[in-house]
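Novice: One letter stands for each residue in the lines below.
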Amino acid sequence: MPSPIPIVKFDEVEKRYGDGPLILDRISFDALRGDFISLIGPSGCGKSTILKLISGLNPISGGEATVESISPRNAAEELAFVFQEPTLLPWLSVQRNVEVPLKLRGVDSGRRAETARKSLELVGLGSRANYYPRQLSGGQKMRVSIARALSLSPKILLLDEPFGALDEMTRDHLNEELLAIRDQKAWTAFFVTHSVAEAVFLSNRIFVLSANPGRLHREVVVDLPYPRTDATRQSEAYQKLVAEVTRLLRSVEDDQR
Amino acid sequence: MSSKSLSYILPLFTGALFIGIWYFIRFLLGDDGQFLLPTPHEIIEAFQQHGDQLWSATLNTTRGAVVGFGMAVVISFIFALILSLTPVVRASLYPYLMILQMTPIIVLAPILILWVGPGLASVTIITFLICFFPLTVNTTQGLISTDRNLVDLFAMCRATKAQEIFMLRVPAALPYFFTGLRIAATLAPIGAIVGDFYAGNSAGGEGGLGFLTIVFSSQFKNAALFATAAASCALGFLFAGIGIGLAWLSLHKWHDSYAKTDS
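Order-wise, the sequence lines are chains A and B. Going by my numbering, the first residue of the first sequence is number 1, and it counts up by one from there. Going by my numbering, the first residue of the second sequence is number 1, and it counts up by one from there.
Hints are computed from structural coordinates only; laboratory data are not their basis. Given the structure is predicted, the values throughout are model-derived calculations rather than measurements. Treat the hints with caution; some may be incorrect.
Unchecked claim - The list that follows gives simulated cross-link-like pairs (lysine to any residue, SDA-like), each with its CA atoms no further than 20 Å apart: (1) A:K118 x A:V107; (2) A:K9 x A:D19; (3) A:K103 x B:G245; (4) B:K253 x A:Y131; (5) B:K260 x B:G245; (6) B:K161 x A:R105; (7) A:K52 x A:L32; (8) B:K260 x A:G138; (9) A:K9 x A:V221; (10) A:K52 x B:L150; (11) A:K240 x A:R215; (12) A:K185 x A:D167; (13) B:K260 x A:S137; (14) A:K52 x B:F166; (15) A:K118 x A:L179; (16) A:K155 x A:S71; (17) B:K161 x A:L104; (18) B:K161 x A:G106; (19) A:K52 x B:C157; (20) A:K185 x A:G164; (21) A:K155 x B:K253; (22) A:K52 x B:R148; (23) A:K118 x A:S153; (24) B:K260 x A:S93; (25) A:K103 x B:I165; (26) A:K103 x B:K260; (27) B:K260 x A:R134.
What the hints assert, rightly or not - Residues from chain B that face chain A, not an exhaustive set, calculated with beta carbons under 10 Å: (28) N149; (29) L150; (30) A155; (31) M156; (32) M167; (33) A172; (34) W254.
Idealized CB from N, CA, C, for every residue including glycine.
Kindly produce the complete structure, drawing on both the sequences and the hints.
Specialist: As structure tokens, then:
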């Protein structure tokens with residue numbers, strides 16, 4: 001049986017900005033369709049940089065990277081990005097914010113409104129369509145940001161520590177919602193986080209990175225069954241994995257001292 | 001007493017106190033007082049006596065202020081767009097913008113009179129020059145201060161440069177633009193009056209408030225001078241009010257500075 005074609009493939013990818021130091025050192029991995037991959041590691045390990053390379057926003061400096069077998073630069077249609085901050089346009093209503101990427105792609109206003117409405121309902125904010133961002137809580141703003149990314153129907157969703165600024169309860173809820181939406185939409189996800197618990201809960205694969213320069217230190221496979229719920233968090237297997245990833249992360253950080 | 005009714009009564013109280021002190025000082029000054037410090041009722045009399053002159057002067061000044069201010073808004077906006085394009089453009093144009101701002105109006109006025117003659121044209125240009133700098137600097141700052149993540153978002157959606165400028169950078173710069181606009185709105189009538197003082201129509205035709213200042217001071221009509229000051233002040237409030245009103249119209253729905261708070 002031939003092995004499936006990876007949706008994202010990195011082969012010995014290197015990255016430096018201008019003449020600066022090496023940020024990423026020979027990163028190689030194959031991401032398969034439907035993977036939920038978390039990137040975790042100390043600050044400066046280049047986790048966010050990997051997302052930017054996949055998005056095609058920044059070019060790679062060495063090696064080879066492909067998204068859907070083509071260069072990331074040409075694969076913009078396939079992906080959507082969720083930033084660390086909600087990154088909403090404060091002068092637009094929630095509805096219009098979700099429409100922005102569609103508008104930029106030239107989708108006509110009728111289909112735009114329809115898609116945005118569905119997206120907002122998916123994240124449970126259908127009733128807030130006419131609000132302005134400043135009228136929403138931090139968690140709600142992040143939901144709008146996710147709705148905006150989903151409105152593009154991406155095959156790949158890149159999330160750069162999207163829930164880092166939220167309290168733990170809200171974060172847990174949003175994690176569950178994110179997985180529930182993924183059941184319907186089946187995108188491949190790359191998720192940058194500082195939280196081991198979050199990484200284990202969401203992912204089927206965790207990449208632990210080391211810093212200066214960023215290297216892929218170890219991959220941890222999370223073989224907990226989906227759908228995952230609050231009960232997952234109580235399970236022994238989950239807690240063992242959290243302990244394992246925490247230990248890995250600590251050893252990476254100790255190496256750098 | 002509720003704090004709301006207090007907020008209406010207190011300013012009235014300070015006003016009454018101020019006028020009381022005014023009359024008291026006039027009383028202390030004795031005979032010299034009539035010349036040095038006209039009382040409020042004498043100023044009102046001067047308003048009645050010179051009403052036509054003051055009214056037409058105010059209209060003339062308003063005309064210069066509105067046209068100069070309007071030109072400054074439009075041209076500064078275009079100029080700020082150009083300045084925002086690259087640091088190289090900014091570096092090569094900023095020093096000359098500074099020169100424009102550093103040159104005192106009293107030095108420019110005779111040159112302008114030489115070029116376009118005294119009157120409305122000179123007054124308009126002087127108003128324009130005074131308003132141009134705060135508008136340009138603020139709008140440019142706004143256009144280059146766009147949230148980096150939003151710029152990335154637009155880049156990821158492969159937005160064109162025009163989409164980036166008009167859907168993102170321009171609306172994001174509005175709060176800055178209105179900061180400049182509010183400053184310029186208060187400067188516009190002052191610019192028009194100063195311009196009129198130096199370059200208004202002194203040839204006997206229609207003058208503005210600046211020209212009227214020269215007329216009244218040469219006639220030692222001090223109460224009329226105070227009335228001119230009051231008219232200038234009213235014009236200033238009108239312009240400032242329009243600036244604040246426009247900012248409110250465009251920002252109150254979404255900008256944090258207009259968010260309601262408990263305090």
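Novice: Evaluate each hint against the coordinates.
Specialist: For each hint, the structure was consulted:
About 15 Å separates the Cα atoms of K118 of chain A and V107 of chain A, which keeps this hinted pair within 20 Å; it holds. Distance hint between K9 of chain A and D19 of chain A is unfulfilled; the C-alpha atoms sit about 26 Å from each other, more than 20 Å. With a C-alpha separation of about 31 Å, the suggested pair K103 of chain A and G245 of chain B falls outside the 20 Å cut-off, and the hint is violated. Between the alpha carbons of K253 of chain B and Y131 of chain A the distance comes to roughly 10 Å, so the proposed pair stays at or under 20 Å and holds.
With a C-alpha separation of about 17 Å, the suggested pairing of K260 of chain B with G245 of chain B holds against the 20 Å cut-off. Pair hint K161 of chain B plus R105 of chain A holds up; C-alpha atoms about 14 Å apart against a cutoff of 20 Å. Pair hint K52 of chain A plus L32 of chain A holds up; C-alpha atoms about 19 Å apart against a cutoff of 20 Å. Distance hint between K260 of chain B and G138 of chain A is fulfilled; the C-alpha atoms sit about 18 Å from each other, no more than 20 Å.
For a cut-off of 20 Å, the pair hint linking K9 of chain A to V221 of chain A stands: about 18 Å separates their Cα positions. Only pairs whose Cα atoms come within 20 Å are accepted, and K52 of chain A paired with L150 of chain B is accepted, the gap being roughly 14 Å. Pair hint K240 of chain A plus R215 of chain A does not hold up; C-alpha atoms about 24 Å apart against a cutoff of 20 Å. With a CA separation close to 26 Å, the supplied pair K185 of chain A and D167 of chain A exceeds the 20 Å bound.
Between the alpha carbons of K260 of chain B and S137 of chain A the distance comes to roughly 15 Å, so the proposed pair stays at or under 20 Å and holds. About 25 Å separates the Cα atoms of K52 of chain A and F166 of chain B, which puts this hinted pair outside 20 Å; it is violated. Taking the CA atoms of K118 of chain A and L179 of chain A, the gap is near 17 Å; set against the 20 Å cutoff, the hint holds. Restraint check for K155 of chain A and S71 of chain A: satisfied, since their Cα atoms lie roughly 15 Å apart, inside the 20 Å limit.
Distance hint between K161 of chain B and L104 of chain A is fulfilled; the C-alpha atoms sit about 11 Å from each other, no more than 20 Å. At roughly 15 Å between alpha-carbon atoms, K161 of chain B and G106 of chain A fall within 20 Å of each other, so this suggested pair holds. Of the pairs offered as hints, the one joining K52 of chain A and C157 of chain B holds, with about 13 Å between alpha carbons and a cut-off of 20 Å not exceeded. Proximity of K185 of chain A to G164 of chain A is assessed by CA-CA distance (about 24 Å); at most 20 Å being required, the pair is judged violated.
Taking the CA atoms of K155 of chain A and K253 of chain B, the gap is about 35 Å. The hint is violated against a cut of 20 Å. This hinted pair checks out: K52 of chain A and R148 of chain B have alpha carbons roughly 13 Å apart, not beyond 20 Å. As the CA atoms of K118 of chain A and S153 of chain A are separated by approximately 11 Å, the hinted pair is consistent with the 20 Å bound. Proposed proximity of K260 of chain B and S93 of chain A is supported: the alpha carbons are some 18 Å apart, at most 20 Å.
Distance restraint check for K103 of chain A and I165 of chain B: the Cα-Cα separation of roughly 15 Å lies within the 20 Å cut-off, and the hinted pair is therefore satisfied. Simply put, K103 of chain A and K260 of chain B have alpha-carbon atoms about 31 Å apart, too far for the 20 Å limit, and the pair is violated. With a C-alpha separation of about 11 Å, the suggested pair K260 of chain B and R134 of chain A falls inside the 20 Å cut-off, and the hint holds. Interface hint status for N149 of chain B: upheld, as the beta-carbon distance to the closest one in chain A is roughly 4 Å, under 10 Å.
With a least beta-carbon distance of about 6 Å to chain A, the hint placing L150 of chain B at the interface is held under the 10 Å criterion. With its C-beta approaching chain A no nearer than about 6 Å, A155 of chain B sits inside the 10 Å limit, and its interface hint holds. Taking 10 Å as the C-beta contact cut-off toward chain A, the hint placing M156 of chain B at the interface holds, the least distance being around 5 Å. For M167 of chain B, the interface hint holds, the least distance from its beta-carbon to any beta-carbon of chain A being 8 Å, beneath 10 Å.
For A172 of chain B, the interface hint holds, the least distance from its beta-carbon to any beta-carbon of chain A being 8 Å, beneath 10 Å. Using the Cβ-Cβ criterion of 10 Å, the hint placing W254 of chain B at the interface with chain A is satisfied: the shortest such distance is roughly 5 Å.
Hint check: violations occur at hints 2, 3, 11, 12, 14, 20, 21 and 26; the rest are consistent with the structure.
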